[in-house]
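Trainee: Modelling step: build the complete structure from the supplied sequences, incorporating the hints.
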Amino acid sequence: MKRLMLFLLAVPLLSLALEERVKLKEGPNKDLVEANCMVCHSLDYIQMNSPFLDKKGWEAEVNKMIKAYGAPVRQEDVPKIVEYLNKYYGKKE
Amino acid sequence: MINRRQLLGSFALGAGGLLLPKYVLGAVSPDLLGTAVKDMPEGVLEEQVLEALPGKKPLIKKTYRPPNYETPVTYFKEIFTPNDVFFVRYHLSNIPEVDARSWRLRIGGDAVERTYELTLDDLKTKFEQVEVVALCMCSGNRRGLMKPHVPGVQWGYGAMGNARWKGVRLKDILNRAGLKANALEVVVDGADTGVAEKTPDFIKSIPVWKALDENTIIAYEMNGEPLPHWNGFPARLVVPGWTATYWMKHIVSIEVVSTPYKDFWMSTAYRVPLGKFPMRDRFISQETNVNTPITEIMVNSLITNIKDGQTFRFGQPVEVKGIAWDGGYIIKQVEVSVDGGKTWHDAELGKDYGRFSWRQWSYTFRPTRRGEYTIMVKATNSIGQTQTFELIWNPGGYHHNVVQKVSIKVL
Chain C
32 MKRLMLFLLA VPLLSLALEE RVKLKEGPNK DLVEANCMVC HSLDYIQMNS
82 PFLDKKGWEA EVNKMIKAYG APVRQEDVPK IVEYLNKYYG KKE
Chain F
24 MINRRQLLGS FALGAGGLLL PKYVLGAVSP DLLGTAVKDM PEGVLEEQVL
74 EALPGKKPLI KKTYRPPNYE TPVTYFKEIF TPNDVFFVRY HLSNIPEVDA
124 RSWRLRIGGD AVERTYELTL DDLKTKFEQV EVVALCMCSG NRRGLMKPHV
174 PGVQWGYGAM GNARWKGVRL KDILNRAGLK ANALEVVVDG ADTGVAEKTP
224 DFIKSIPVWK ALDENTIIAY EMNGEPLPHW NGFPARLVVP GWTATYWMKH
274 IVSIEVVSTP YKDFWMSTAY RVPLGKFPMR DRFISQETNV NTPITEIMVN
324 SLITNIKDGQ TFRFGQPVEV KGIAWDGGYI IKQVEVSVDG GKTWHDAELG
374 KDYGRFSWRQ WSYTFRPTRR GEYTIMVKAT NSIGQTQTFE LIWNPGGYHH
424 NVVQKVSIKV L
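Going line by line, the protein sequences match chains C and F.
Under the working numbering, read the first sequence as residues 32 to 124, first letter to last.
Under the working numbering, read the second sequence as residues 24 to 434, first letter to last.
Calculated from the structure, these hints are not laboratory results.
Hints are not guaranteed to be accurate.
[Unchecked claim] Examples of chain F residues toward chain C, derived with CB under 10 Å:
#: 1; residue: GLN71
#: 2; residue: PRO171
#: 3; residue: VAL218
#: 4; residue: ALA219
#: 5; residue: ASN312
[What the hints assert, rightly or not] Computed, partial: chain C to chain F, Cβ under 8 Å:
#: 6; residue: TYR76
#: 7; residue: PHE83
#: 8; residue: ALA99
#: 9; residue: TYR100
#: 10; residue: GLN106
[To be verified] Computed list of lysine-lysine pairs in DSBU-like fashion (alpha-carbon distance at most 35 Å, straight line):
#: 11; chain 1: F; residue 1: LYS299; chain 2: C; residue 2: LYS122
#: 12; chain 1: F; residue 1: LYS203; chain 2: F; residue 2: LYS147
#: 13; chain 1: F; residue 1: LYS330; chain 2: C; residue 2: LYS122
#: 14; chain 1: C; residue 1: LYS111; chain 2: F; residue 2: LYS285
#: 15; chain 1: C; residue 1: LYS87; chain 2: F; residue 2: LYS61
#: 16; chain 1: C; residue 1: LYS56; chain 2: C; residue 2: LYS122
#: 17; chain 1: F; residue 1: LYS203; chain 2: F; residue 2: LYS100
#: 18; chain 1: C; residue 1: LYS87; chain 2: F; residue 2: LYS428
#: 19; chain 1: F; residue 1: LYS149; chain 2: F; residue 2: LYS203
#: 20; chain 1: F; residue 1: LYS221; chain 2: C; residue 2: LYS118
#: 21; chain 1: C; residue 1: LYS122; chain 2: F; residue 2: LYS170
#: 22; chain 1: F; residue 1: LYS100; chain 2: C; residue 2: LYS86
#: 23; chain 1: F; residue 1: LYS170; chain 2: F; residue 2: LYS299
#: 24; chain 1: C; residue 1: LYS87; chain 2: F; residue 2: LYS299
#: 25; chain 1: C; residue 1: LYS122; chain 2: C; residue 2: LYS95
#: 26; chain 1: F; residue 1: LYS428; chain 2: C; residue 2: LYS123
#: 27; chain 1: F; residue 1: LYS432; chain 2: C; residue 2: LYS86
#: 28; chain 1: F; residue 1: LYS221; chain 2: C; residue 2: LYS123
#: 29; chain 1: C; residue 1: LYS95; chain 2: F; residue 2: LYS299
#: 30; chain 1: C; residue 1: LYS111; chain 2: F; residue 2: LYS221
#: 31; chain 1: C; residue 1: LYS87; chain 2: C; residue 2: LYS98
#: 32; chain 1: F; residue 1: LYS149; chain 2: C; residue 2: LYS123
#: 33; chain 1: F; residue 1: LYS432; chain 2: C; residue 2: LYS123
#: 34; chain 1: C; residue 1: LYS122; chain 2: F; residue 2: LYS61
#: 35; chain 1: F; residue 1: LYS194; chain 2: F; residue 2: LYS147
Only a predicted model underlies this, so the values are computations on that prediction, with no experimental measurement involved.
Beta carbons: idealized from backbone N, C-alpha and C, even for Gly.
Mentor: What follows is the structure, encoded as structure tokens:
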């Protein structure tokens, strides 16, 4: 965690005040989703890619973030993140 | 676990305030999106806002961080897209503001005779200065219109712009380093990087033959002005005819290598299935049995002056205007249909600004009855390539060049 905070502090970032305007839907594990996803990108990425991914689709996205983009997400958090994304931003039946 | 407020607090500390957007304008009027609004995911329509990055006019904000901003269609009425409305696209969110005086461009790699460095002044004074007009278009332009939708930045029509680029031929820069006989690819890195330690840096390679093309340049100016920060200051790669994934911004190193460059951005991202698109330019050292890196831009066109559902008065002529482009084979014909594709009529082509520029066109007709008209436009290039009526779906959401349809009412 110390290392995480360090690289966050070191990064010159933009538009953070505005980025805070992006509000995800309230629900279980929202904080977990925010804390993990926001390390690398703003949360509008989630809204933008909705609602057309099913549970498998969101799972593939979360795994892509970890495997392809090197996101520091704990493996045990993955099912909770996927569940939130699918429930609130998943494909409507 | 850190919470959101702590996270944002730490971001704000690092931001320094310099690069904060100026203001927010709120919802995006459908007029600015062309007909894209009909086909985009609902989430996009709720989330995107008009907003200005420093030095830019309000654009269609897709994502804040990394910044992805689209140009409203209305600006495509001009032959050159002004710098302050030119689209912005980044993969990674650590984007330093490069200091022009301390900036250096390193040229090296295992397939050059000697390595050396250039300052911005060297670039402007020690080589022949050249200009090229070229369309810069994101590979995923119109991704938001794909059905079924493909995850990624959900672009409408505006992840593109046409500009006059000034700089130095990459060929001249490479020749000073001296290419070895085994030179295969030219690998280019920019100053932007990822935030997480393990995020692969955004680095792209192009085949040596394309790097030596006289139109491929390192540009430091666009439309007569220094590159805006958001478009690659102080220098970027300009690869006319090819999609913008290769147009590296804020470049800091050029390496000529003798083996295929393998990383996420080359081996996994920006690939299209083999045989699905009529590509002429091949990137053989990177091809697999199933896919290939994306190369040239597909033939395409856009109506720029009519919005979907617009009404016209009976008895008045209707002028349809727009632009057409391809990967550099020259637009030969633009056809317009006003009856939903049953009959087609040649549009008049505007001034030719070179084969890598888009070409303006116009077609005027006088409606013979009241009611609805479906206007369509289709471009064809000199090697017979034309647009598709059926989407060629692909997992990356690239090369959307489906013939556009706009409905108008004559009352």
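Trainee: Does each hint hold? Answer for all of them.
Mentor: For each hint, the structure was consulted:
Residue-level restraint check for F:GLN71 holds (minimum Cβ-Cβ distance to chain C is 8 Å; threshold 10 Å). A least Cβ separation of about 7 Å between F:PRO171 and chain C falls short of the 10 Å threshold, and the interface hint therefore holds. Evaluation of the F:VAL218 hint against chain C yields a held restraint, the C-beta minimum of about 5 Å falling below 10 Å. Because the smallest distance between the Cβ of F:ALA219 and any Cβ of chain C comes to about 5 Å, under 10 Å, the interface hint for this residue holds.
With a least beta-carbon distance of about 21 Å to chain C, the hint placing F:ASN312 at the interface is violated under the 10 Å criterion. Taking 8 Å as the C-beta contact cut-off toward chain F, the hint placing C:TYR76 at the interface holds, the least distance being around 6 Å. Interface restraint check: C:PHE83 against chain F, minimum CB-CB distance 4 Å, threshold 8 Å, status holds. At about 5 Å, the closest approach between the beta carbon of C:ALA99 and any beta carbon in chain F falls short of 8 Å, and the interface hint on this residue holds.
The beta carbon of C:TYR100 is positioned within 8 Å of a beta carbon in chain F (closest approach about 5 Å), and the interface hint is therefore held. The restraint placing C:GLN106 at the interface with chain F is violated, with a minimum CB-CB distance near 15 Å, outside the 8 Å limit. For a cut-off of 35 Å, the pair hint linking F:LYS299 to C:LYS122 stands: about 28 Å separates their Cα positions. For the hint pairing F:LYS203 with F:LYS147, the CA-to-CA distance comes to about 26 Å; that is within 35 Å, so the pair holds.
Our distance criterion of 35 Å between C-alpha atoms is met by F:LYS330 and C:LYS122, whose separation comes to about 29 Å. For the hint linking C:LYS111 to F:LYS285, the alpha-carbon distance of about 33 Å falls within 35 Å, and the restraint holds. As the CA atoms of C:LYS87 and F:LYS61 are separated by approximately 26 Å, the hinted pair is consistent with the 35 Å bound. Restraint check for C:LYS56 and C:LYS122: the C-alpha separation of about 15 Å stays at or below 35 Å, so the hint holds.
Note on F:LYS203 and F:LYS100: the hinted pairing is violated, with a Cα-Cα distance of about 46 Å set against a maximum of 35 Å. Restraint check for C:LYS87 and F:LYS428: the C-alpha separation of about 33 Å stays at or below 35 Å, so the hint holds. Distance hint between F:LYS149 and F:LYS203 is fulfilled; the C-alpha atoms sit about 22 Å from each other, no more than 35 Å. Annotation: proposed proximity of F:LYS221 to C:LYS118 holds, straight-line Cα distance about 29 Å (limit 35 Å).
Only pairs whose Cα atoms come within 35 Å are accepted, and C:LYS122 paired with F:LYS170 is accepted, the gap being roughly 14 Å. Restraint check for F:LYS100 and C:LYS86: not satisfied, since their Cα atoms lie roughly 42 Å apart, outside the 35 Å limit. About 17 Å separates the Cα atoms of F:LYS170 and F:LYS299, which keeps this hinted pair within 35 Å; it holds. Taking the CA atoms of C:LYS87 and F:LYS299, the gap is near 26 Å; set against the 35 Å cutoff, the hint holds.
Between the alpha carbons of C:LYS122 and C:LYS95 the distance comes to roughly 19 Å, so the proposed pair stays at or under 35 Å and holds. Annotation: proposed proximity of F:LYS428 to C:LYS123 holds, straight-line Cα distance about 27 Å (limit 35 Å). Distance check on the hinted pair: F:LYS432 and C:LYS86 sit about 42 Å apart at the alpha-carbon level, beyond 35 Å; violated. With a C-alpha separation of about 34 Å, the suggested pairing of F:LYS221 with C:LYS123 holds against the 35 Å cut-off.
A C-alpha spacing of about 25 Å is found between C:LYS95 and F:LYS299, which places the hinted pair at or below 35 Å, so the restraint holds. Between C:LYS111 and F:LYS221 the CA atoms are separated by roughly 23 Å; this keeps the pair inside 35 Å, and the hint holds. With a C-alpha separation of about 16 Å, the suggested pair C:LYS87 and C:LYS98 falls inside the 35 Å cut-off, and the hint holds. Taking the CA atoms of F:LYS149 and C:LYS123, the gap is about 60 Å. The hint is violated against a cut of 35 Å.
At roughly 33 Å between alpha-carbon atoms, F:LYS432 and C:LYS123 fall within 35 Å of each other, so this suggested pair holds. For the hint linking C:LYS122 to F:LYS61, the alpha-carbon distance of about 18 Å falls within 35 Å, and the restraint holds. Simply put, F:LYS194 and F:LYS147 have alpha-carbon atoms about 15 Å apart, close enough for the 35 Å limit, and the pair holds.
The structure does not agree with the numbered hints 5, 10, 17, 22, 27, 32 stated previously, though it agrees with the rest.
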